[in-house]
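Please arrange chain B with the ligand on chain A, whose structure you already have, making use of the hints.
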Amino acid sequence: MNGLLGALLFILLAPLLGGLVAGVDRILTARMQGRVGPPLLQPFYDVGKLFEKENVVVTTAQNFYVLAYLAFIVVSGALFFAGGDLLLVIFAFTLAHVFLVLGAYSVHSPYSHIGAERELIQIMAYEPMIILAAVGLYMVTGSFFTGEIAASTVPVILYLPGVFLGFLTVLTIKLRKSPFDISTSHHAHQEIVKGITTEFSGATLGQIEIAHWYENIFLLGFIYLFFGFNPVLGIAAIAITYFAEIFLDNTTARLRWQAALQSGWAAAAILGILNLAIIGYIMGGA
Amino acid sequence: MAFLKRSPWLLHYDASSCNGCDIEVLACLTPLYDVERFGIINTGNPKHADILVITGGINELNRDIVRNIYEQMPEPKVVVAVGICATSGGIFRECYNIVGGVDKVIPVDVYVPGCAARPESIIDGIVTALGILEEKRRTMADRTHAKEEIRKGAEAGS
Ligand code: SF4
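Taken in order, these protein sequences are the chains called A and B. Last residue of the first sequence: 286 in the numbering used here, with the numbers rising by one and none dropped. Last residue of the second sequence: 158 in the numbering used here, with the numbers rising by one and none dropped.
This is chain B alone, in the form it adopts within the complex:
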């Protein structure tokens, strides 16, 4: 029952990318790489997304937006930081308005290096993220199961 791995829908957010990493993310959707083969759909809606892909460093203006998007995504979810800017701020690190990498605002599960990150490494990062996603789903299921058990136990006790 692991449908999650076979149907990851991802949401792509451009934090303050130079657009280099963005076009590489979109290149993954082109006939050459065709990530829809793996059931990956690029959705524009956080409520439908399983994977949050962020390119570019976080700046002061969008840190709340990034957190807001992240919080709107239903569990289980993973975050992939694409490009060196999303990892650490990259060449924009010293700019006055840059907060830093994505992990300054929300937890990041996979870092994809590169400037710009190549489509191959982006796909590689997403596939790694799928493993983590599956892991999270299992712990989530276990947790609900444990909660159920406790509730039942309490009911039986009273």
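Isolated chain A (complex conformation):
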């Protein structure tokens, strides 16, 4: 029963919260650059505007793919907040991005195709670490269900500091923050036109924005799993992490895709596997 409520709350509140987080993000970014920045509700104005524009669609298949992307992001987030199986959540999450890549491949633009390739590289870069994070959480709490992990009284972060750091590394890739915003970025000038979203305009682009909001709330929720034993600490960790991501975004230049792949896999191999090996050793010995 509780799970259904969580899913419902996520579906209704995540776009609002995600939009606000995006607004705070833009203001903080502006302040870090010595500017005033846009109003807090700017992301909502942007999406509202996109739905007002003419919809230019050359390949109608793109509408289906983008809608599927949005739907599966919502499904994975709803499963997550309903306390569902973490592995299923990760699977649905990956599937959503596969739809986005398909959408970008379905249109006739070389920019969009390059963006799609880079999105695939990003998926390859972060996937191992996310799986290891799920495995680590299972080893410590004995459950793959997010409801049980979040409710567990074990101080998960003390057992999994390496996995958490590794997760933060891939979080930068996942939140599309510099230095790893290689498939698309907020400003088109920094990336090859606009990468994966080049050919999408109007309402379709609006749907992608909304999907990003859902996605960001889901990812920030993931951080909470490491701090489930103390909700206050959990919320603080989310805020600090997001602030650190914005700071990183503003202080680093974009790196090449090789670097994204290397750091994603290095985090998984060194931080993730080492951490899991130590945990396995301790738990096996005890």
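Misleading hints may appear alongside valid ones.
Unchecked claim - To be clear about the criterion: a stretch of chain B counts as covered by chain A if any three or more of its residues have a C-beta under 8 Å from a C-beta of chain A, and this derived list gives those stretches:
{"hint": "1", "stretch": "28-38"}
{"hint": "2", "stretch": "86-98"}
{"hint": "3", "stretch": "103-111"}
To be verified - So the derived list for chain A, only partly shown, Cβ under 8 Å to chain B, looks like this:
{"hint": "4", "residue": "R35"}
{"hint": "5", "residue": "V36"}
{"hint": "6", "residue": "P38"}
{"hint": "7", "residue": "K49"}
{"hint": "8", "residue": "E54"}
{"hint": "9", "residue": "G202"}
{"hint": "10", "residue": "A203"}
{"hint": "11", "residue": "Q207"}
{"hint": "12", "residue": "E245"}
{"hint": "13", "residue": "W265"}
What the hints contain is simulated information worked out from the structure, not anything from laboratory work. No residue lacks a Cβ here, since even glycine has one placed at the ideal position from N, Cα and C.
What follows is chain B with the ligand alone, placed relative to chain A:
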């Protein structure tokens, strides 16, 4: 429901500017003027843009490019010609390869004078363009509405 005015994304194209007007356009993005306060984002993608800002006169080589960019932008859209070169060809007017102002190729909604145009007048021009943009959105909405009505009427009639 006028989000358009609050979130104009602009595309800047340098036709054959001497670069004087260009740096003034970019100066609008610096902390001093900070046009992002008004929700303005400088995008590099015509499909996402609402306002096309052109600096410099059109020459024979880029007239097709300018038209192509313009046609890729979804409605409603406006064009702002920044600088005297974009308005009429300016000091390059007599050159053998110059076609003239931007309005020789695509319709222009706002002309921003100056050589180079000052950031203040560029922002002023963009704000004027926003009014026109809103106007266009309303007529566009009316037109779709009218089309809907006619379609419904035809369906009811048949
Ligand atoms: S108007 Fe003046 S500053 Fe602007 S492009 Fe022409 S010559 Fe250069």
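Each hint tested on the structure:
no.	hint	result
1	28-38	holds (count 5)
2	86-98	violated (count 0)
3	103-111	violated (count 0)
4	R35	holds, 4 Å
5	V36	holds, 5 Å
6	P38	holds, 5 Å
7	K49	holds, 4 Å
8	E54	holds, 4 Å
9	G202	holds, 6 Å
10	A203	violated, 10 Å
11	Q207	violated, 14 Å
12	E245	violated, 20 Å
13	W265	violated, 31 Å
When the structure is compared with the earlier hints, violations turn up for hints 2, 3, 10, 11, 12 and 13 and for no others.
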